[in-house]
Amino acid sequence: MLKKNLTALLIIFGLTFTVYAQESSTIRLEDLVNEALQNNPQLKAAQNQFLSRQTKVKQVTAWDAPQVGIEFFQLPVQSFPNPLKNNMEMDYSIQQMIPFPGKLNAMGLSASNNAKMFEEQFNALKNKIIRDLKSSYFELYLVQRKIDINKENQELLKQFVEIASKQYQVGMGKQTDIIRAQTELSSLLNEEVNLYKEQKDGETMINTILNRPPYQPLGDIKEISEDIPGFTYQQLLPTAVLNRPELKGMNFNIDMYKNELKASALEFYPDFMVRLMYKNMVGTNTDFWSAMVGVNVPIAFWSKDKYSGKVEENELNIKTAEEQFNAMKNMISYEVQNAVVKLETNRNLYNLNKYTVIPQAEQTLQSTLAAYQTGKTEFLMLIDAYRMLFMAKLDFYMSEMNLQQAKAQLEQAVGLSINQIVEKIK
Numbered sequence: 010m011l012k013k014n015l016t017a018l019l020i021i022f023g024l025t026f027t028v029y030a031q032e033s034s035t036i037r038l039e040d041l042v043n044e045a046l047q048n049n050p051q052l053k054a055a056q057n058q059f060l061s062r063q064t065k066v067k068q069v070t071a072w073d074a075p076q077v078g079i080e081f082f083q084l085p086v087q088s089f090p091n092p093l094k095n096n097m098e099m100d101y102s103i104q105q106m107i108p109f110p111g112k113l114n115a116m117g118l119s120a121s122n123n124a125k126m127f128e129e130q131f132n133a134l135k136n137k138i139i140r141d142l143k144s145s146y147f148e149l150y151l152v153q154r155k156i157d158i159n160k161e162n163q164e165l166l167k168q169f170v171e172i173a174s175k176q177y178q179v180g181m182g183k184q185t186d187i188i189r190a191q192t193e194l195s196s197l198l199n200e201e202v203n204l205y206k207e208q209k210d211g212e213t214m215i216n217t218i219l220n221r222p223p224y225q226p227l228g229d230i231k232e233i234s235e236d237i238p239g240f241t242y243q244q245l246l247p248t249a250v251l252n253r254p255e256l257k258g259m260n261f262n263i264d265m266y267k268n269e270l271k272a273s274a275l276e277f278y279p280d281f282m283v284r285l286m287y288k289n290m291v292g293t294n295t296d297f298w299s300a301m302v303g304v305n306v307p308i309a310f311w312s313k314d315k316y317s318g319k320v321e322e323n324e325l326n327i328k329t330a331e332e333q334f335n336a337m338k339n340m341i342s343y344e345v346q347n348a349v350v351k352l353e354t355n356r357n358l359y360n361l362n363k364y365t366v367i368p369q370a371e372q373t374l375q376s377t378l379a380a381y382q383t384g385k386t387e388f389l390m391l392i393d394a395y396r397m398l399f400m401a402k403l404d405f406y407m408s409e410m411n412l413q414q415a416k417a418q419l420e421q422a423v424g425l426s427i428n429q430i431v432e433k434i435k
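Residue numbers (this note's numbering): 10 to 435.
Hints were generated in silico from the structure; no laboratory data involved. Note that the Cβ used here is the ideal one computed from N, Cα and C, for glycine as well. Please note that the accuracy of each hint is not assured.
What the hints assert, rightly or not - Ranges between beta-carbon positions, derived for each pair: (1) 195 x 368: 47 to 53 angstroms; (2) 294 x 316: 47 to 53 angstroms; (3) 78 x 312: 23 to 29 angstroms; (4) 363 x 184: 38 to 44 angstroms; (5) 335 x 137: 19 to 25 angstroms; (6) 192 x 217: 35 to 41 angstroms; (7) 286 x 335: 53 to 59 angstroms; (8) 43 x 325: 39 to 45 angstroms; (9) 286 x 137: 55 to 61 angstroms; (10) 198 x 350: 38 to 44 angstroms; (11) 50 x 284: 47 to 53 angstroms.
What the hints assert, rightly or not - With a straight-line cut-off of 27 angstroms between C-alpha atoms, the simulated DSS-like cross-links for lysine-lysine are: (12) 206 x 231; (13) 271 x 328; (14) 338 x 137; (15) 328 x 267; (16) 160 x 112; (17) 257 x 65; (18) 65 x 112; (19) 65 x 328; (20) 231 x 351; (21) 125 x 351; (22) 433 x 67; (23) 385 x 183; (24) 135 x 433; (25) 65 x 315; (26) 363 x 155; (27) 135 x 338; (28) 160 x 135; (29) 351 x 135; (30) 155 x 135; (31) 267 x 65.
Given the sequences, and given the hints that come with them, work out the whole structure.
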């Protein structure tokens, strides 16, 4: 009977890893990513920011509003304050400031590049939020697997308590075996409480990213089955340089300052003022009209420094933006290298746990079970063998989580999803 019970336990143990994930609704990472991209408040704020920058283009490329006026001449003092009483002349005018050709175009290009820079910052934030969501998702995945393993441990230890009690009753076991099994079970019950708290914390983090109520329950995450292709640093760096939104945004920043430099250089050229006037000569049959063209004089010695200083400022801004671009390029080079190393390291650990450590732990458990059934080993050795296998499976799920998080880190480092990366480097 003892042999049958233990064999049944092993069969149950091998099957329970797939049971718990099927008991409740499941969540899919793709659905959560889409929801985050639609509802995350940080993303909405960043999107509104770059959209507001786009409206600047129309503002800076438009002419100033014209000025219209009416002027009363030769009013007798006795007519005050009525300007229409006994006046001898009324002048109607319209006046328009016209910027020097090229100024507004340069300012428009600068504003357009500024808007594109903020759009790339939005894209960079999008990639960061996707990575944060994926990291939280796989952390929750690990906690759920720990809970599954904890439940399995509890069921097995309850059976062990029963088996040890029967062995003790027939004089083939020790009372300490029963106490040890009960102590292990109590420890698992305590651990279960902490694991459910971890699960709630993980769900809260994901809900925060999704802009959901913090304690809204999620669902179970299915077992992961995905082959992640391998990459080299040399393959990925050129792709990252071309696709990272941070670098694209900094390129637009450089172009923005170049157009600002062009606009500031054009400030040395005069703007024009055009005015048309109609003169209504009251009491006569002859009216007149007049026209005037004026220019400002930016090269006057008392105003020249204002414009030359702006040119120097923008020249320095360009140099600053170029060095910031180079610094970001170096940082991206490091991030790509770091992501590749992490991906390969965690892939090796994942394969080691899956194909070596767990099979060895299973073999140890089987041999310990056979020895216990024949009275060649202690009851606690059987418990230790079970714990060894459970720890091996915990390590496996830990390495699986780390592998998936390394994949998410690699995607952010390159600026593309894994599938897009594969397409780019073909």
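Hints versus structure:
1. 195 x 368: 47 to 53 angstroms: violated (31 angstroms)
2. 294 x 316: 47 to 53 angstroms: holds (50 angstroms)
3. 78 x 312: 23 to 29 angstroms: holds (26 angstroms)
4. 363 x 184: 38 to 44 angstroms: holds (39 angstroms)
5. 335 x 137: 19 to 25 angstroms: holds (22 angstroms)
6. 192 x 217: 35 to 41 angstroms: holds (38 angstroms)
7. 286 x 335: 53 to 59 angstroms: holds (57 angstroms)
8. 43 x 325: 39 to 45 angstroms: holds (43 angstroms)
9. 286 x 137: 55 to 61 angstroms: Once the Cβ atoms are compared, 60 angstroms apart, the range 55 to 61 angstroms for residue 137 and residue 286 holds.
10. 198 x 350: 38 to 44 angstroms: Holds, at about 40 angstroms.
11. 50 x 284: 47 to 53 angstroms: Holds, at about 51 angstroms.
12. 206 x 231: Holds, at roughly 20 angstroms.
13. 271 x 328: Holds, at about 15 angstroms.
14. 338 x 137: Distance of about 17 angstroms is within 27 angstroms: holds.
15. 328 x 267: holds (10 angstroms)
16. 160 x 112: Given that 27 angstroms is the threshold and the Cα spacing comes to 72 angstroms, the pair is violated.
17. 257 x 65: At roughly 20 angstroms apart (the allowed maximum being 27 angstroms), residue 65 and residue 257 satisfy the hint.
18. 65 x 112: holds (15 angstroms)
19. 65 x 328: Since the Cα atoms of residue 65 and residue 328 sit roughly 24 angstroms apart, the hinted pair holds (cutoff 27 angstroms).
20. 231 x 351: holds (24 angstroms)
21. 125 x 351: Roughly 33 angstroms between the alpha carbons, so the hint for residue 125 and residue 351 is violated.
22. 433 x 67: violated (37 angstroms)
23. 385 x 183: holds (15 angstroms)
24. 135 x 433: holds (20 angstroms)
25. 65 x 315: Judged against 27 angstroms, a Cα distance of about 24 angstroms means the pair holds.
26. 363 x 155: Roughly 16 angstroms separates the two Cα atoms, so the pair holds.
27. 135 x 338: holds (19 angstroms)
28. 160 x 135: Roughly 38 angstroms between the alpha carbons, so the hint for residue 160 and residue 135 is violated.
29. 351 x 135: Given that 27 angstroms is the threshold and the Cα spacing comes to 22 angstroms, the pair holds.
30. 155 x 135: Violated. Residue 155 to residue 135 sits at ~30 angstroms, over the 27 angstroms cutoff.
31. 267 x 65: Roughly 17 angstroms separates the two Cα atoms, so the pair holds.
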